[in-house]
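Student: So the protein lines, in turn, are chains H and B. Just so it is clear: in the first sequence, position 11 is 502 by our numbering, and no numbers are missing. Just so it is clear: in the second sequence, position 128 is 155 by our numbering, and no numbers are missing.
There's no promise every hint is true.
[What the hints assert, rightly or not] Cut-off 16 Å, straight-line C-alpha distance, at most; resulting in silico cross-link-like pairs (EDC-like, lysine to aspartate or glutamate): (1) Lys511/H / Asp223/B; (2) Lys38/B / Glu170/B; (3) Lys262/B / Glu170/B; (4) Lys545/H / Asp575/H; (5) Lys539/H / Glu522/H; (6) Lys511/H / Glu43/B; (7) Lys235/B / Asp223/B; (8) Lys591/H / Glu170/B.
[What the hints assert, rightly or not] Going by beta-carbon spacing under 10 Å, a handful of chain B positions derived as facing chain H: (9) Glu43; (10) Lys84; (11) Met93; (12) Trp117; (13) Glu170; (14) Pro193; (15) Ser194; (16) Pro196; (17) Val218; (18) Thr220.
[To be verified] Computed spacing ranges between beta-carbons, pair by pair: (19) Val46/B / Ser616/H: 32 to 40 Å; (20) Pro254/B / Gly525/H: 41 to 49 Å; (21) Ala250/B / Thr570/H: 51 to 59 Å; (22) Glu142/B / Phe571/H: 44 to 52 Å; (23) Asp595/H / Leu107/B: 40 to 48 Å; (24) Asp595/H / Val277/B: 36 to 44 Å; (25) Ala118/B / Gln569/H: 48 to 56 Å.
It is worth saying that the hints were derived from the structure and are not from the lab. Glycine included, each C-beta is placed from N, C-alpha and C at the ideal position.
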Amino acid sequence: MSQVAQPGKGGVVLAVDDDKLIRQLISAILETAGYTVFTAGSREQAFKTLGVMKPTLLLLDVELGQDNGYDICRDIRQTFPNLDPVIVFVTSRRTKDDVKAALDAGGHYFIVKPFSPEGLLDAISKAVIARHRQTRQSP
Amino acid sequence: MPTPAMEDILKRLSAEFVVAGTESVQDAEKVVEAASTGKRPAQDAIREIARIAHSLKGQGGAFGFMNLTLVAHRLEDFLLNVDSTRSDFWADVLRYLDRVSRILDGEIPGERDAEKALADLPVAALFDGVLDRQDIEVVLASEGATQNRVIRSELEACGFRVTVIPSTPEALAYVSRVRPRLLIASAVMPVITGADLVRAIRAMVATKDVMCILATSGSEAIADSLPKGVPVVRKGRNFSADIAGALQQVGLV
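The following block holds chain B by itself, in its conformation from the complex (with noise of 0.2 Å):
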């Protein structure tokens, strides 16, 4: 536990953390400005909004800020994959600016209600140029680059926001906070296996009613270790019509 003379100075730090993360926020917004009326190249101002949500990231969970993390975790992955050259981007992400601005003003609560500070914003689900903007989120707990985007684009396609989590402790911490719809783990990970994962997730009161599923290229065994009703996913040949079927098992389509 911190001691005293360490909360006052977490407590300095925190305050200080809120005024440069609003400069930070100010700073980026400017940046969108200049994009958005082709002053600045759309990829550097993009890498530039990027590198100011993955400091806010670092630096929100370590001063009280878990929501602003979370916001800024997804900021992330929303630039790294919507087309910026959609009509709505630049707004979008100015959403993701006022939601940090508003969880930094205090209007939005910094530890708690993470639902709250994720509700209704954007994400990078992108199907013929639509943007959906559907309810339902999925945390996808893998590693693998290529597999990634294979099950977000067949996630993406039956509507579900997506995010992806190649560290298992951070999508425990990230599942546990959120709650999302439904889990996709990957069973070989490293520090945590999927499996563990899932028998994790659903075994503490909080995080139970996520749905889970479990995707591997191991023996069938590992089924009969799961919680009743997680789903094995086979990776190969079949995994569309594998994936299509967990989701069925689980009702979510």
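The shape of chain H in the complex, shown without the other chains (with noise of 0.2 Å):
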């Protein structure tokens, strides 16, 4: 498994979102957990910030003004074929089609907004424990 991000293990975190204040809460509760976070709120800001920084963990909201966090996501994979980060996205709803949405896009964990500190550090957890169970069923 890759140097993954785990809380108080630091790790760099890109956190994608079109709401400011969204971006501000999610720095300050990751920061405070030890990570390293960058944030971006447009895809074209993502896109710059991956390719320089290489986050292993991308934190993806699912409407992202105009675009669509899964698209986003799938160009991620397709663009930056070395980088694999731990993909969790940040979503108002969780039904079934947005789960398969998540999942065909490549993401390995779902987090519902309004979330709280601990909610947020819980779906990243699982998100990273998603990702390693992946990672050990691939020939």
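Could you use the hints to bring the two separately framed chains together as a complex?
Tutor: Structural data, given as structure tokens:
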């Protein structure tokens, strides 16, 4: 398994959300938990940061302005095939279709807005576990 | 638990949210003003207000204003389901925005008394051009859009306020806070099944009195695993009649 971010053990995170307050909230929670956090408010900013900072964890808003987080996730996988971060989708709904779309796009877990600090850290832990299982099952 | 440092940051962000949220409400009020006077197309205005409501819904709970999240959720539901050509449509939207303002101002608690935060808000129950304001809330925890439309219309025909939540974890959180009179849960749901949702609701002290109905297309055996007094409604040709029977069984009609 690659150097995946774990609470208190560092790791580089990119949080992509078009809502400035939510970006600040995520930064506050994750920096307190020991992560190094970068944020992006748009798809373009996200791609620029991804290429330079090479995060091991990506928090991706599903409804990113005019863009769709699932499509962005697929594009990231194609554009940065060697990056392979743990991906957590941040969304305001979690229906069966959303779960399928997230997995199809290459995501590892969901967190539903509104979330608590504990809820965010728990979602990241679950995403890390999901990614670990995925890696072990890969041929 | 948040550390003292994080608590300070959350407190600061919460204060920033109040300022930003108030500005968003003012923006939405301007949109209502423009739409209600014909200066802006109604659908365009509804999209913009729904976007603002959606944003407030996501931010509210994260910054200690869960009641604001509940009101914003209701506003989104209202915008999606009520005919905007109704004469009092924009006045009703303003009532929602006023409620959001009062929560941001601290006049209505942000976290406690969810019933007070939601009381008397207009709802998406439209019959023969008359908006029904009967104060009995029904939560429908179900995914299928077509099925939801059918159940919703049946319930609205009885005069209930209906809130559709297509996710059982979110329905569990919503029911715990709002304590509606009735929950109708679809049996087959991801993450938490409808039956488990019903059992959880009836097992919690705060929600044990919420009446529950399980809607299923599965086997009869599921009824045995449910708490006493929870009717099972079969999806299918007799669904309307079965819903009516179940509502009678739980004493709502």
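Student: Does each hint hold? Answer for all of them.
Tutor: Here is how each hint holds up against the structure:
no.	hint	verdict
1	Lys511/H / Asp223/B	violated (37 Å)
2	Lys38/B / Glu170/B	violated (36 Å)
3	Lys262/B / Glu170/B	holds (14 Å)
4	Lys545/H / Asp575/H	holds (9 Å)
5	Lys539/H / Glu522/H	violated (21 Å)
6	Lys511/H / Glu43/B	holds (11 Å)
7	Lys235/B / Asp223/B	holds (14 Å)
8	Lys591/H / Glu170/B	holds (14 Å)
9	Glu43	holds (6 Å)
10	Lys84	holds (6 Å)
11	Met93	holds (7 Å)
12	Trp117	violated (25 Å)
13	Glu170	holds (6 Å)
14	Pro193	holds (5 Å)
15	Ser194	holds (5 Å)
16	Pro196	holds (7 Å)
17	Val218	holds (7 Å)
18	Thr220	violated (12 Å)
19	Val46/B / Ser616/H: 32 to 40 Å	holds (33 Å)
20	Pro254/B / Gly525/H: 41 to 49 Å	holds (44 Å)
21	Ala250/B / Thr570/H: 51 to 59 Å	holds (52 Å)
22	Glu142/B / Phe571/H: 44 to 52 Å	holds (49 Å)
23	Asp595/H / Leu107/B: 40 to 48 Å	violated (26 Å)
24	Asp595/H / Val277/B: 36 to 44 Å	holds (40 Å)
25	Ala118/B / Gln569/H: 48 to 56 Å	holds (49 Å)
Hint compliance for this structure: hints 1, 2, 5, 12, 18 and 23 are broken, all remaining hints hold.
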